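There are 2 protein chains.
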Amino acid sequence: MDSRDFSIHSDIKNVKIYDDFWNSITELVRKEVIPYQYLALSDKIDGAEKSYCIENFKKAALLKNDKAREKYPVDKWEYTDDNCPKESFHGWVFQDSDAYKWIEAVGYSLINHPDDELKRKAKEYIDIICDAQLDNGYLDTLYIINDNDKAFTNLRDHHELYCFGHLVEGAISFFRATGDRKLLDTACRFADLICDTFGENKIKGYPGHEIAELALFKLYKATGRKEYLKAAEFFINERGKRPYYFDIERNSHSIGENYHYNQAHREPRYQTDAVGHAVRGVYLYSAMADISKETNDDELNSACHSIWDNITEKKLYITGGIGSTVDGEAFSYDYDLPNDLAYCESCASIGLIFFAQRMSEAEINSQYGDVIERALYNTVLSGMAEDGKAFFYVNPLEVLPEASHRDSRKRHIKPVRQKWFSCACCPPNLARLLSSLNEYIYTENDNTIFVNQYLGSRLESKHCQLNLKSQYLENGNISIKIDNCNRPFNLALRIPQWCDNFSISKEYQIKNGYAFIQINVDCDISIDFEIKPRLVKCSNRVRSNVDRAAVMRGPMVYCLEEKDNGSDLQMLVIDKNTDFKTVGEYILAKGKRELPDSNLYSNYMESEYNNCTLKFIPYYRWGNRGENEMSVYVRI
Amino acid sequence: MDSRDFSIHSDIKNVKIYDDFWNSITELVRKEVIPYQYLALSDKIDGAEKSYCIENFKKAALLKNDKAREKYPVDKWEYTDDNCPKESFHGWVFQDSDAYKWIEAVGYSLINHPDDELKRKAKEYIDIICDAQLDNGYLDTLYIINDNDKAFTNLRDHHELYCFGHLVEGAISFFRATGDRKLLDTACRFADLICDTFGENKIKGYPGHEIAELALFKLYKATGRKEYLKAAEFFINERGKRPYYFDIERNSHSIGENYHYNQAHREPRYQTDAVGHAVRGVYLYSAMADISKETNDDELNSACHSIWDNITEKKLYITGGIGSTVDGEAFSYDYDLPNDLAYCESCASIGLIFFAQRMSEAEINSQYGDVIERALYNTVLSGMAEDGKAFFYVNPLEVLPEASHRDSRKRHIKPVRQKWFSCACCPPNLARLLSSLNEYIYTENDNTIFVNQYLGSRLESKHCQLNLKSQYLENGNISIKIDNCNRPFNLALRIPQWCDNFSISKEYQIKNGYAFIQINVDCDISIDFEIKPRLVKCSNRVRSNVDRAAVMRGPMVYCLEEKDNGSDLQMLVIDKNTDFKTVGEYILAKGKRELPDSNLYSNYMESEYNNCTLKFIPYYRWGNRGENEMSVYVRI
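Protein chains in written order, with this note's numbering: chain A, 132 to 767; chain B, 132 to 767.
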């Protein structure tokens, strides 16, 4: 068996989730996040910062045909009442994308939960959006309102192509859910303009913030139009060529400038390491994986593997977080994974899931599902408060509230989740990811159904109907029922990397981390993954974690909080031979607390300790009880 | 005995140093640093960045009486050929101070080593400086050249009063060394203008960067003129009053502004913690100690003690470094002493020595000498390369060169010393401190000679002539010979805080950390401080140092360097029961090296180790062999 199999795919419409754990979270998204955001986009929430998002679209629709209209500067990142006139565009340069991401989340949600009222609201916004589009297909309200002559003149810093990417993703999601083509047609018209504008003998530029690449690929798959694939390829192949387009567009020579931030330091096909802004990075790598698979581009495929290995072997937090420095929200150097300075943007882990999913569709290897699981159960879940009303952008592994308040180097580390509306990039990204989990459970090809994630669910496949009941988090028990089996096929079950012992009620063969079972007739299969708390060591190449360990149980990383363990978590030590006891959501372990030293410096003596019980809570649950210290790693 | 004794003082002119270790360093300053800096101030070094310092004075002298001269802006921190015309002031706003610090170092050096050529060079610069002074006494070349109407209008950000402070210190040093009054008279004229300008019913401002306070006090002691003491008191008492002067001078309300950076957040007499820019802080605290002693100001004295305790109990690195964050070059919150992000500016430790010296002159307590020793033998010495030609501004406790090059959060951490001329604040500060060590060895009052530092030296006192021979660093042996004893007195020997065992050949009584010996006649005293390598623990309230220890020997902190121990110093572990072996400058200890982990994350297992010998080098010697990893703390 060749592990590369370019016919693997997933289809969100064929899967329904029936899972107590996950449904409680996706219901929070459906009932709290999506409705709240609908109001926020129209500035209908008292006391919240204004979004201006829908207002910009309305403004653009009114102004777009007025040839005599005034022009305003397009030179800022954020346009506020303080720095521009009322008539100007308002908000961040990427404000349009919030509406698109919201529509994308709505689309996924409608597939799972038909809801006429929500559909009506989405169509209301779609009408407003489409009204703003120019006759030539252009659609970015900043430039339409402020100065359309300057469209596409600042690809490096502005986000027209980024907003376009989200428009496409929103349009496809809504079309798939409802069959309504209106937004999709609008997206295609903009895509056509982009194809006419960029390319050989045209503008040889590429997006400063990637996503158009993967969106164009998605649009190609949705419409079959090859020009979109070509445009995506062009953007990827042009990036990083000398002279740099970003220099050409400002008539400058690249003196001291480096384009690692935009992954534009060299051509993507020759890149080997994950560098620069982490979200931009994983969006680019996702598109590279798409295209290398579609076009059998071995160089691009090899770059994807090299970058993947660099991330997962040297730049990945135990929580699935990536991007360890706040400066540029970026990947740092190898093994630089500080706990208390981590950035680990929620969006970056979401993008890592996109990248992993695409890798898993090109190659049979359980590591991709493992990484998706690590990111999903930890950093992604951690991003949202238990009431669905507050969010983390940054997901640190160690928090001291005093440091966040008083140390400018840690100002990005928030000790409690923030209301989502202050700068709305991660919350809607969480909404769209959590509403589309159906996509990540199964993939299939002509002869195999792959079970990648163990969410209770039903798959309607060409091979059979598959019902999966999951007690994955409770006790590791999975039962699968195959009905309507209409032809023999393989069922491939991902064996989670964390699981040392498992049993499967049918004969199986392990290949590339999956247990392959031949299915010929309807049957029941039960799987038992031994799930128990365990101590995990981080490589001693990571300086901050020597002499420390983390507690995990299944895919879940746990952490210590001050509320449960008192302050000065650095004085706690876990017994390396501890038994673990699971009590509700907690894990209890044997440990000791070092008595506080009375002098700042003293001759070394063995420390004194009091025995104590350490109380661990799942990482994704931290910070729901007010500000307090938190630490994933504990001394051992 | 009351430990407070307001008659203790030191006198640099009565002490000569004869000490192999220290003379080799001060000779480096005399033969390398001072001559090099003489050339640098006049821009006579090929290939070096221009200083413009002497050029500014010359420019000011030519222009000062030209009423029709053009004006230039005074709104920048640094004036370069790129941002201002040729005729404007050039360099940093505090450029004048470099000349003054150089003259101060020359003065101290002349006291130790008469040198006619050096004296001639200093007088040459003094003539140039004095020519630039305005008739009213004003002397700051930025404002004289660019726009004198704006003098004293930006006390918060500009450095007129800072340059004035260094002018005074330089003038007093040179006057003491040579009896030449010219610069001292110039300083007094500027001081008189300042007394006329600031005060009740005058401008109620105070310096943004403190030092004028301690300089005015010094000038009061040198001249006996009470108005200088009053001006120093005024500056201290006015600081931090509401409304903030810094707001008044910009017609602004302090919205979101905080003046911790300038220690102006509240009146100094009510301050309890060390905050803000560390150098500014210790200069202010030094002046507070001076004035509280002179005026018996109990509130100010109590503030000094509270701030002192806060520094030494919660904000002091084992190396005597202070100021743990690069942001604002500032003190951080209690126990925030990161090794790899430390700022620990050389100047800040020099200022800490100033503060400690003043505290020791007001109160008999060996802790002040202990802190001077800690700072001097570690951070201060570390500031200069072994060839005297390169300097550290920042003195970290852990260095990974890759991090300095690739991680913007650690860009201030230089893995090797820099040529001193790029921004010349620490090198001349080192020069003046190292040239004036005579001041720190002895203090005396009517009945006691205190030996605070054990540098081989001769003291000419009113009590006797005291010869001290020192093998302090070699084996802890000190021999003291008292000659010409003309009246009974106490000899008080500081017992170093690091020393657990010592013997003294005469009867003594311990009080406040000093061994007091009654001396009636000429005699010899021998002292034996047991000096041996030891393991030191940092309080477990400091998060970065749990499960770690440092190696010290006497006052010296040691460290591991990659050149001696290989890379990945975090994999090294010292045996807590190790014997130590001293070989040349090295200390060898028993340890082990953890084998590198092959996976980023794995189930916890006991690590495997290879035994090895750890090779420690004195901290002040690190970084003299090219870029490499360094760490003070090691796992235990």
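FYI, nobody ran anything at the bench for these hints, they're computed from the structure.
Be aware that a few hints might be false.
Unchecked claim - Here are some, though not all, of the chain A residues that point toward chain B, as calculated from beta-carbon distances under 7 angstroms: (1) 458; (2) 674; (3) 678; (4) 702; (5) 728; (6) 743; (7) 746; (8) 766.
Predicted model, so just to flag it, every value in this text is computed and none were measured.
In this text, a Cβ means the ideal position worked out from N, Cα and C, and glycines have one as well.
Hints violated by the structure (listed by number, smallest first): Those not satisfied are hints 6, 7.
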